[in-house]
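**Student:** Residue numbers (my numbering), protein chains in the order written: chain V, 1 to 332; chain U, 1001 to 1332; chain L, 2001 to 2202; chain C, 3001 to 3202.
In short, the hints are calculated from the structure, not lab data. Check before you lean on any hint, since a few could be wrong.
Simulated pairs of lysine to any residue, SDA-like, Cα-Cα distance not exceeding 25 Å [said to hold, decoys possible]:
id, chain 1, residue 1, chain 2, residue 2
1, U, K1181, U, F1124
2, L, K2094, L, G2109
3, U, K1181, U, T1168
4, L, K2094, V, K2
5, V, K2, U, R1243
6, L, K2182, V, E222
7, C, K3182, U, A1142
8, C, K3182, C, L3163
9, L, K2075, L, D2103
10, L, K2075, L, H2020
11, C, K3094, U, M1121
12, C, K3094, U, I1127
13, C, K3075, U, P1008
14, U, K1002, V, W226
15, U, K1002, U, Q1200
16, L, K2182, L, L2201
17, C, K3075, U, V1028
18, L, K2075, V, K2
19, V, K181, V, V197
20, U, K1002, V, E120
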Amino acid sequence: MKKILNDPYRYVDEMLAGLTAAHPQYYVLVGDDRRVVARADGPVDGKVGLVSGGGSGHLPIFTGYIGPGLLDACAIGDVFASPSVDQVADAMRAADGGAGVLSVYGNYGGDVMNFDMAAEMLEFEDIDTATVLLRDDVASAAPEEAERRRGVAGMVYAFKIAGAAADTRADLAEVTRLAQKAADACRSVGAALTPCVVPQAGVPTFEIGDDEMEMGMGIHGEPGMWRGALRTADEIANEMVDRLLDDKPVEAGAPVSPLVNSLGATPPEELYILYRVVANRLEEAGAEIVMPLVGRYATSMEMTGVSLTFCHLDEELAPLLQAPAACAFWRV
Amino acid sequence: MKKILNDPYRYVDEMLAGLTAAHPQYYVLVGDDRRVVARADGPVDGKVGLVSGGGSGHLPIFTGYIGPGLLDACAIGDVFASPSVDQVADAMRAADGGAGVLSVYGNYGGDVMNFDMAAEMLEFEDIDTATVLLRDDVASAAPEEAERRRGVAGMVYAFKIAGAAADTRADLAEVTRLAQKAADACRSVGAALTPCVVPQAGVPTFEIGDDEMEMGMGIHGEPGMWRGALRTADEIANEMVDRLLDDKPVEAGAPVSPLVNSLGATPPEELYILYRVVANRLEEAGAEIVMPLVGRYATSMEMTGVSLTFCHLDEELAPLLQAPAACAFWRV
Amino acid sequence: MTTQLTAETLSRAIGRLAPHLESVAAELNQADARIGDGDLGITMTKGARELRAVAGELPDDLGAALMTCARAFTKGGGSSYGTLLATGLMTAAKACRGKSTVDWTAVSGLLDAAVVAMADRGGASLGDKTVLDTIDATARALVDLDDPAAMTEAALAATEDTLDRFRDRPNRVGRARMFAEKSIGLHDPGMLAFREILCGLR
Amino acid sequence: MTTQLTAETLSRAIGRLAPHLESVAAELNQADARIGDGDLGITMTKGARELRAVAGELPDDLGAALMTCARAFTKGGGSSYGTLLATGLMTAAKACRGKSTVDWTAVSGLLDAAVVAMADRGGASLGDKTVLDTIDATARALVDLDDPAAMTEAALAATEDTLDRFRDRPNRVGRARMFAEKSIGLHDPGMLAFREILCGLR
Ligand SMILES: Nc1ncnc2c1ncn2[C@@H]1O[C@H](COP(=O)(O)OP(=O)(O)O)[C@@H](O)[C@H]1O
Ligand SMILES: Nc1ncnc2c1ncn2[C@@H]1O[C@H](COP(=O)(O)OP(=O)(O)O)[C@@H](O)[C@H]1O
Ligand SMILES: [Mg+2]
Ligand SMILES: [Mg+2]
Ligand SMILES: [Mg+2]
Ligand SMILES: [Mg+2]
């Protein structure tokens, strides 16, 4: 968990400076305190603006997913910390192309307050707003309390599908309906093997034994369902599939997109070892696998671990998922 | 350095099974012992076939870069171990579209022997072959001994440019000339912060103190130029730029593509912090920055560290670098 | 003793409050670190700095002045506490819009309205062991009071009492919910920060 | 004692060689682990297994038979040593093509040609402390000998002598070059493996 950085308090600002310098065709820094990134060619006239945001340290989430067919702007907090109300409001303004703004982000208390408050400010400026929260982490609350669940890698699907919907020039209500449908279609579970270090804190987010893993741990180190000896790849994959299908079974013949995601340090080699099992299990369950994703889509810096997401599709969502989109981290 | 796996001796086979299952549009397993991956829609009739290969554990290198505008086939050894002569020969056969086969790979003793021997076998089958070796790692030998240098992330540029050249249906000699020109245009240097674990060995590839880094270390843990206290991002970036420009200065106004590459665990956030300095320095040196790459292009599984590559372009190479190409890990 | 709350009162209060908040920042960070992310002192310091910047030029309209103070907590940081304070201040701002003076006796009602808005914003209820419980207790304690000095003392007494009553209960919202067990026996950091605000107003 | 080298001789030699190589695999792994990647025993075991598989059905043509043996070392693993052995065997195969017998006195020349081909393949020179030095010494020792048992003993003596002469020199090629300093005082693993091949032929 060694980090290459300068001043920890400048970590996010320097990161954003580099990100926008490297990919000026996608990203541009806006706003007073340079914590808002917007689409370089935005806002797009007459298109619903899509906004996300939250704490840094999860690239490509959130900022990475700005681009055609994806998000229009993001407000970026310090590592694992919410952006300010003013930053969120600036992101909303930057995304507004005259057809209203939809915020799509993960269900974390601080973010929810700040996005809600920013939305109220925007209403004063006569900009329509709507919100879709991701609550895909099945490990973060029981099914009866699904409203309290946190949002994790399912965000990727919601961004993609909402982005494609907005690209059709559907109105705010329709884009919101489709984004909500995508959010509702996702289930995720993660497992952590090693922690990461928040630059300003300088210490690991949690402690864990050399031979241990924690199933269900959240992307900021939120406690999971069990901690125990590191299991084999096949055992881990099978348990994750079980947990996701228990929470939302596959309908026979239904299209499902699986995302085998690295939390950061875990290399793609290991993700592919896991993917074998995931694909077999989905096929056994009768699913039709559509656009499987394997890689680093939602991370926690140098954390070791993986998450698995299933996005349960239908005739409406599948084409939106597969519609063209581009950003510096992903091309469809 | 915890790993998610099953039997360490099945690591590569399971990885390839997952990789080809996840991306059947790009990759297909061929050959007796399933250690050769070829382009799903290959071989391409009348196109020079491009082959690479070497030890596993470096995704996307090598196998990941198979696809339109890139490689046609790869022979894949165990982690950090050369593929066998027969596997290399199988890869060459799979790539052959009747216009000959060019092998592009890194200068590692075992690989060179096996590719050379396989090429001899192919000659018996009346298939023309040629070879371009990458020797971009300036840390691995002094300029006077540049022939002994190892190949690292510069491979990405050679694959891309050779792939684009082959796509123009240039003949074997011309594709070889351009690939060699691309290889000669690259200079790289790496720095490691933590080691990785070769699955079959089960122990870290080297030991290093909690507050130490090693400048110039090779991607398999080959010793570097100095080991000492971890420096700041800006110090690391400046030293790397100095070393690369000392070895091959920028000509004023010349196009250069920089690649800030993670060796695995180092997150993109840190790469972007480094990129700021790299971009500034290149501009100061009078270079025109073309298609900067920031991400995980050539890795050593879960190793922490970064490498910097400069590819010195001209009117001939720049368009080839920017020509369309696609694989599961990269789209241009 | 028939003074009233004005923008001038606010401006002078900031002069006492800001340095006090800065002086207790480390303590608040520590309290937050035990069951949260340890940034509450930073939040209060940033807020204090923003307040100082606007203290000299508060508009006479009390609503506008309170809105300016609210904005001091939506800039810079995105912490829950800052947003909640801003929510409470904005609610008061709306109620005071168009007035340049307000009776001290109105303060209790303003706090009540703030609690409602803050509960709405954060989804917490009274009893969840958050800053809401101290503000609510303060609102109760201030009913019909009209002497600012006495009001501050009454508020502090109510706050101390609330801190004590809640110490051995678990936190039920925010980051601290993750550490519900651990939070038993510890003061809620947001309540402590509210006490320091009152101390700063003394 | 006027026997000759035939495919039959090879086949019987494999019968003795394969189990011996398997029995010393752990030692060879260890020797390689000290200054390399520790897989030399695995390479020899894999080679032995492939040789066993073909021993029963070697073609009568000595060239073809040697080529079959060479292929045993290009399958499965991609180790330097396997490829070098295969290179040497293939060189001999080419020289013996079309013959079903070869005089024992020709062996020295076959080894000479193998060394040249292997040096060409791997870019090493004599004196770099590799298997080449032992093969070259063996070729010298076998000049004009025609009794297979005496030849094996002469080869072993030359190899032991070469191992001793090189022990205190640094490795100059292959993986071990990285550890040149460390390799001083240690036997080169490839030389040791060559000694075990000779022991297995006894
Ligand atoms: N949803 C909420 N409703 C009411 N009060 C809350 C809520 N969330 C946090 N708080 C209060 O804020 C305090 C923590 O503030 P802060 O450190 O800013 O949180 P964070 O760092 O998690 O954003 C808590 O002790 C609690 O009093
Ligand atoms: N380029 C070379 N030329 C000659 N001999 C070599 C060469 N490389 C390796 N060897 C020999 O092979 C031995 C190591 O073999 P092996 O373990 O298969 O190497 P690796 O595991 O690095 O592929 C060395 O001890 C040396 O005798
Ligand atoms: Mg906090
Ligand atoms: Mg916080
Ligand atoms: Mg070896
Ligand atoms: Mg080896």
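**Student:** Given the proposed pairing of K3094 (chain C) with M1121 (chain U), does the C-alpha separation stay at or below 25 Å?
**Tutor:** Holds - the C-alpha atoms of M1121 (chain U) and K3094 (chain C) are around 13 Å apart, at most 25 Å.
**Student:** K2 (chain V) and R1243 (chain U): Cα distance at most 25 Å?
**Tutor:** holds, 23 Å
**Student:** Holds or violated: K2075 (chain L) with D2103 (chain L), Cα cutoff 25 Å?
**Tutor:** violated, 29 Å
**Student:** Please verify whether K2182 (chain L) and E222 (chain V) have alpha carbons no more than 25 Å apart.
**Tutor:** Roughly 14 Å between the alpha carbons, so the hint for K2182 (chain L) and E222 (chain V) holds.
**Student:** Need the status of pair K3182 (chain C), L3163 (chain C): alpha-carbon distance at most 25 Å?
**Tutor:** Since the Cα atoms of K3182 (chain C) and L3163 (chain C) sit roughly 16 Å apart, the hinted pair holds (cutoff 25 Å).
**Student:** If you draw a straight line from the CA of K1181 (chain U) to the CA of T1168 (chain U), is it 25 Å or shorter?
**Tutor:** holds, 16 Å
**Student:** Are the Cα atoms of K3182 (chain C) and A1142 (chain U) separated by 25 Å or less?
**Tutor:** Cα-Cα ~21 Å, so holds.
**Student:** Has the given pair, K1002 (chain U) with W226 (chain V), been kept, meaning a C-alpha gap of at most 25 Å?
**Tutor:** It holds: about 18 Å lies between the C-alpha atoms, which stays within 25 Å.
**Student:** Is it true that the CA of K3075 (chain C) sits at most 25 Å from the CA of V1028 (chain U)?
**Tutor:** holds, 21 Å
**Student:** Between the alpha carbons of K2094 (chain L) and K2 (chain V), is the straight-line distance 25 Å or under?
**Tutor:** Answer violated: K2094 (chain L) to K2 (chain V) is near 49 Å, above 25 Å.
**Student:** Quick one, are K1002 (chain U) and E120 (chain V) close enough, alpha carbons at most 25 Å?
**Tutor:** violated, 46 Å
**Student:** Next pair to validate is K3075 (chain C) with P1008 (chain U); report whether the Cα-Cα distance is within 25 Å.
**Tutor:** holds, 20 Å
Hints 1, 4, 9, 16, 18, 19 and 20 from the earlier list are contradicted by this structure; the remaining hints agree with it.
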